[in-house]
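**Q** Given the structure of chain A, go ahead and fit chain B onto it with the hints provided.
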Amino acid sequence: MGLEIVAGEQASASGLRDRLGVLAVLQADITVSDTSEFSDCPGLALQLDAYARYLVEGHIAYTTLSDPGIQFCFSAPVDATGHSSFFPLRQGSTFGVGPLEAFRQVVFSDAFPQGAGGQATYLLGAAPQGSIKTYRAGGVLQLRFAQITPSPAGTRIRAGSWLAATKVKEYPIT
Amino acid sequence: MTFPAGAKIRADEINEAFGLLAMAVNDTAVTNSTTAVSAAGLVLPLEADTQYVLDGYIAYSAGAAGDMQIRLHEPIGGWAGHWNFFGLQPGAINSVGELNAVTIGGFGSLLLLAGSDAFGGTLAARLLGFVATDENAGNLTVQFAQGASSGTPTVIRAGSWIRARKAS
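Each protein sequence line maps, in turn, to chains A and B. In terms of the working numbering, the first sequence opens at residue 190 and continues consecutively. In terms of the working numbering, the second sequence opens at residue 62 and continues consecutively.
None of these hints come from the bench; they were simulated from the model. Hints are not guaranteed to be accurate.
Calculated pairs, DSSO-like style, for lysine-lysine (alpha carbon to alpha carbon, straight line, at most 30 angstroms) [to be verified]:
| no. | chain 1 | residue 1 | chain 2 | residue 2 |
| --- | --- | --- | --- | --- |
| 1 | B | K227 | A | K322 |
| 2 | B | K69 | B | K227 |
| 3 | A | K356 | B | K69 |
Since the model is a prediction, treat every value here as computed from it, not as a measurement.
Next comes chain A alone, as it looks inside the complex (with noise of 0.2 angstroms):
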């Protein structure tokens, strides 16, 4: 169901562009710490069209202390549905192993996180999977994150994490 280059025609700049998707890598280590106000983990972004869906996946790599831990959601373009997960380690896992939490948000938003596991050695993983549909707006697909509880010890988003969207296919608008 991907979107195709059809044979026989002369590929387009726009349509090569579709096939590929979109993909950010963040360069820097963002990190928050005595808040679990969200905030947008710059550069872990990814302009959506109007009127498209995509599939969303990525690699999160992070740090945290057990306690506060880390909570992850997206913000999306208005009106966008769909879903994801972070797949993380459950919260209040140790050690960097525990329950795998495969809770699925359907909401992309600050009031719709998921929680996650840290651990005071360890650098850790997360792997959002998801997909959208954007209606009339197209926007950004944003990566938050916040600690769970405020604590002055700082939670870390580590630079070479990443997302990528790739395109599907475009739909009929009635």
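**A** Below, chain B alone, put in the same frame as chain A:
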């Protein structure tokens, strides 16, 4: 990578944009050894001074006694990055257990994942990561070994794959 409207696009630009993909066409087995070896076919030739995002799927089998250690290996030691195989922590029973979410920084350390004697030790792990090469081009390779020496083979199976998409 951007494709300006109206510009002619070369084949090598298209190939580059779609990234590098390697799939194992044969099994690679390690028995009675904790020394890491390269998994046949799971090699990506990366360019110098380039960033790539990584993903992949590792099909493996291992006994509960031997488990599996796995890593991404780079040839010289100057590349930066991190990776995770999102696999089961040793001690899993019948292929069910705790997630190991530890992400490894750099390309030297081995990550220990579970084996299981149940169902022939049939397991899978999912690679995600990032690499920034330095002035040296070279091969990024999946290497693995047993966690503890065991007569039950630890095997990376044909059909496993890794992919690198250029980010810069």
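**Q** Please work out if K69(B) and K227(B) have their alpha carbons no farther apart than 30 angstroms.
**A** Roughly 20 angstroms between the alpha carbons, so the hint for K69(B) and K227(B) holds.
**Q** Against the 30 angstroms threshold, does the CA-CA distance of K227(B) and K322(A) hold or violate the hint?
**A** Cα-Cα ~26 angstroms, so holds.
**Q** What's the verdict on K356(A) and K69(B), does the C-alpha distance respect the 30 angstroms limit or exceed it?
**A** With a Cα-Cα distance of about 23 angstroms, the restraint between K356(A) and K69(B) holds, given a limit of 30 angstroms.
Violated hints: none; the structure is consistent with every hint.
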